[in-house]
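Quick mapping for you: the protein sequence lines, in order, are chains R and W. Under my numbering, the residue at position 66 of the first sequence is numbered 94, and the numbers go up by one with no gaps. Under my numbering, the residue at position 263 of the second sequence is numbered 626, and the numbers go up by one with no gaps.
For the record, the hints were derived by calculation from the structure and aren't laboratory data. Virtual Cβ for every residue (Gly too), placed ideally from N, Cα, C. Worth double-checking, as some hints may not be accurate.
Quick list of in silico lysine to aspartate or glutamate cross-link-like pairs, EDC-like style, CA-CA up to 16 Å [stated by the list, open to error]:
| # | chain 1 | residue 1 | chain 2 | residue 2 |
| --- | --- | --- | --- | --- |
| 1 | W | 438 | W | 466 |
| 2 | W | 423 | W | 453 |
| 3 | W | 432 | R | 109 |
| 4 | W | 507 | W | 527 |
| 5 | W | 432 | R | 99 |
| 6 | W | 660 | W | 527 |
Okay, the calculated beta carbon distance ranges per label pair [unchecked claim]:
| # | chain 1 | residue 1 | chain 2 | residue 2 | range |
| --- | --- | --- | --- | --- | --- |
| 7 | R | 126 | W | 456 | 23 to 29 Å |
| 8 | W | 409 | R | 156 | 38 to 44 Å |
| 9 | W | 554 | R | 120 | 29 to 35 Å |
| 10 | W | 552 | R | 101 | 46 to 52 Å |
| 11 | W | 469 | R | 126 | 39 to 45 Å |
| 12 | W | 469 | R | 197 | 49 to 55 Å |
| 13 | R | 126 | W | 522 | 43 to 49 Å |
| 14 | R | 156 | W | 412 | 28 to 34 Å |
| 15 | W | 513 | R | 120 | 49 to 55 Å |
| 16 | W | 469 | R | 156 | 58 to 64 Å |
| 17 | W | 507 | R | 120 | 41 to 47 Å |
Here are some chain R residues pointing at chain W (derived, C-beta under 10 Å) [said to hold, decoys possible]:
| # | residue |
| --- | --- |
| 18 | 50 |
| 19 | 84 |
| 20 | 91 |
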Amino acid sequence: MKDPASTARWHLATCHGCGLLSRAGTGHAARCPRCGTPLHARKPESIARTWALIVAAAILYVPANLLPIMETSSLFGAQNDTIMSGVVYLWVSGSWHLALVVFIASIVVPMAKLIALVILVLSVQLRARWQPVQRTRLYRLVELVGRWSMLDVYVVTLLVALVQLEALATIRPGPGALAFGAVVVLTMFAAMSFDPRLIWDSMEKNDA
Amino acid sequence: MPDTPPASDLSTLPEAETAPRSRWRPQLVWLVPLVAALIGGWLAMKSILEQGPVIGIVFKNAEGLEAGKTKVKYKDVDIGLVTAVTLSKDLRQVEATAELVKDFQPHLVEDTRFWLVTPRISGGSVSGLGTVLSGAFIGVDVGKSSRAQRTFTALEVPPLIQIDTPGREFALHSADLGSLAMGSPVFFRRLQVGQVVGYQLDENGRGVSLKIFVNAPYDRFVTDNTRFWNASGIDVKLGAGGIEVDTQSLASLLLGGVAFETPEEAVALPAAAPDTRFELFADRTRALRNPERDVLKMVLLFDESLRGLEVGAPVDFQGIALGEVSAIRVELDPVSRRIIMPVEMNLYPQRLRLRSKEKDQPPLSDEARKRFLDDMVATGLRAQLRSGNLLTGQLYVGLDFFPRAATARIQWDSDPPQLPTTVGSLGELQASLQRVAGKLEKLPLEQIGADLRQTLQTTSRLLHRLDTQVAPEVVATLGEARKAVDTAQGMMADDEPLQQDTREAIRELGRTAKSLRALADYLERHPEALLWGKKRNQQ
Ligand SMILES: [Zn+2]
């Protein structure tokens, strides 16, 4: 197979710190001879880390959706809003397009990110040779979406900052916002810790 | 390994330094999901723990209730929110589901009360005005029971007294409610110290039981001897000192009210226990009347109308109320077949004795009392109906001495003993009228009549004689007289010859005088005529 050689195959590693290419050998604890940065052929324990972060994000996804992300109290009563109740409110009050945006940004996208990460990690772990290009593209997409799926957190943050009329109305972020932010951050980390080169490693090793 | 790059190329690459590998590298990354799980678990726990009790409150209707908006408040602090309002299955009621704060859980007991607070104008006061803006809310009064409960029935009206208000509740018994209502004030020395918090008809329908609440610290003035009376409305008394208007307050005029007073000698007594029953008297006078232990029942028989005499009318002995009328009955006496109306009275002999100088007299024995009363009656003591008020015609029983009354004595054998009576002041008037009639009756009217007739007969005879004997002669005389007058008149008439002649004569005389005057005139002008006679042309 006319497959271009990867650095791993030649036991070569690029330093993350200074970009020096050096022979890493088979030893795991290699360091860059120039700047001393630990050298890895691949991101170390990428699969395990990604898994851990995915699990953590999945755990927090539940309270993020069930707990109120916003506690409003005004002259006309106190109200606790979850993401879903906000979507329902927007939908019922006629702003269906806004409802759709919030629904996609706050519920579908984090969920899709988690599912995509699980697919990627699983496929690498099972040494699947299926659609490597597509999977890489999926990875790029996950990374790209990253921090942009925090719409609700942005909205809440803005509202909290803007609406502090004390006597008349107060808005406070609820515990759901914390969980929601954590989910977004954890999925970002999970995407970061996943090494997309592993997708291609399995292709090579099966070749050999 | 195909496609090995040239060794010279690779050898130019620097060799990586090797570092000793730590023996055990914990998979630190798994701490992340662990922490996430902990955080998730903590959040879940927190929200579960913060989840307050959910209760159901049954209302008559859902007016003012709104899911997600209506709050539950205790002492104006939000303690929950109505989450759902649903109809009961039989459509008769509305059940509101409310989620309360967790801290309130221990207070959800049997006698915890819920009610809807809306703007309300009642009992002369306005409440819940704040709800005009903020909307209705559910008020709570925390109970004292220890039995937990989760479904409550809302009160129709807010409770007047919160359970934790210091003070005591007492029960009053009255013949009727009068003008009292929920919230009617309770006065002590004209100071409002409590209010009526409930009332209900007795089960036998014979009276009304009221519940009043007397706020602390005034509740300690309620002792077992305290007297309550109905202070509703105006009490107008027409007495010797003029008109006396008595009312507790303007509010009691509108709302009615209850007043109480504790007799001086009973003030030192310990406060009455909560829920003690008291009698609610109709007015202050009756309420403060001393309870009499020494009661002598007697019966009176009057021979006159009892209109105006009421049960409770005083029995007065020379200005001292000695007792009161306790019953007026109507009976048919089988012996005389007459309707009699026995008037029973309660006499309090102690009152007479209380006014005597010796304070610690031993009570009279029954025998001594009998003798004493017998002596009194022997010297003329009688009962009499007297008019207490000429306007209203109210009567009272007066005991007084009538030395000239016919002898009578107390009939001790009747039950109760019967005290002799004498006709009352009205009866006396009747009696004197009768005396007048009697005297009239005794007049010799027949004799007078006979005499009168005789006189009339004599007169008649006299008239007859006048008629038959005197009258004709008078007529004749009158006839003569008329003739004389006629003759005189005839002589005077115009066409009578005598009259004519006289007139003729007078006329002749006139003419003569005229001729004489002409002769005189001619002679004046022509005196010569006397000598030469009248000339023919001198006219
Ligand atoms: Zn380096």
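Quick rundown of the hints versus the structure:
1. This hinted pair checks out: residue 438 of chain W and residue 466 of chain W have alpha carbons roughly 14 Å apart, not beyond 16 Å.
2. A distance of roughly 12 Å separates the Cα atoms of residue 423 of chain W and residue 453 of chain W; the hinted pair therefore holds under the 16 Å criterion.
3. Distance hint between residue 432 of chain W and residue 109 of chain R is fulfilled; the C-alpha atoms sit about 14 Å from each other, no more than 16 Å.
4. With a CA separation close to 9 Å, the supplied pair residue 507 of chain W and residue 527 of chain W stays within the 16 Å bound.
5. For the proposed pair residue 432 of chain W and residue 99 of chain R, the alpha carbon gap of about 14 Å is at most 16 Å, so the pair holds.
6. Straight-line distance between C-alpha atoms of residue 660 of chain W and residue 527 of chain W comes to about 49 Å, which puts the hinted pair past the 16 Å bound.
7. A C-beta distance of roughly 40 Å is found between residue 126 of chain R and residue 456 of chain W, which places it outside the suggested range of 23 to 29 Å.
8. A beta carbon spacing of about 41 Å between residue 409 of chain W and residue 156 of chain R agrees with the range 38 to 44 Å that was offered as a hint.
9. Here the CB-CB span from residue 554 of chain W to residue 120 of chain R is close to 58 Å, at odds with the stated 29 to 35 Å.
10. Judged by the Cβ atoms, the range 46 to 52 Å given for residue 552 of chain W and residue 101 of chain R holds: they are separated by roughly 48 Å.
11. Against the hinted window of 39 to 45 Å, the Cβ-Cβ separation of residue 469 of chain W and residue 126 of chain R comes to about 44 Å, which satisfies the hint.
12. Taking the beta carbon of each, residue 469 of chain W and residue 197 of chain R are about 32 Å apart, not inside 49 to 55 Å as hinted.
13. Checking the proposed 43 to 49 Å range against residue 126 of chain R and residue 522 of chain W shows it holds: the Cβ atoms sit about 47 Å from each other.
14. A hinted range of 28 to 34 Å is violated for the C-beta pair residue 156 of chain R and residue 412 of chain W, which are about 45 Å apart.
15. With their beta carbons about 31 Å apart, residue 513 of chain W and residue 120 of chain R fall outside the hinted range of 49 to 55 Å.
16. At about 59 Å, the beta-carbon gap between residue 469 of chain W and residue 156 of chain R stays in the expected band of 58 to 64 Å.
17. Taking the beta carbon of each, residue 507 of chain W and residue 120 of chain R are about 44 Å apart, inside 41 to 47 Å as hinted.
18. With its C-beta approaching chain W no nearer than about 5 Å, residue 50 of chain R sits inside the 10 Å limit, and its interface hint holds.
19. Because the closest C-beta pair between residue 84 of chain R and chain W is about 3 Å apart, less than 10 Å, the hint holds.
20. A least Cβ separation of about 4 Å between residue 91 of chain R and chain W falls short of the 10 Å threshold, and the interface hint therefore holds.
In the structure shown, a violation is registered for the earlier hints numbered 6, 7, 9, 12, 14 and 15, in ascending order.
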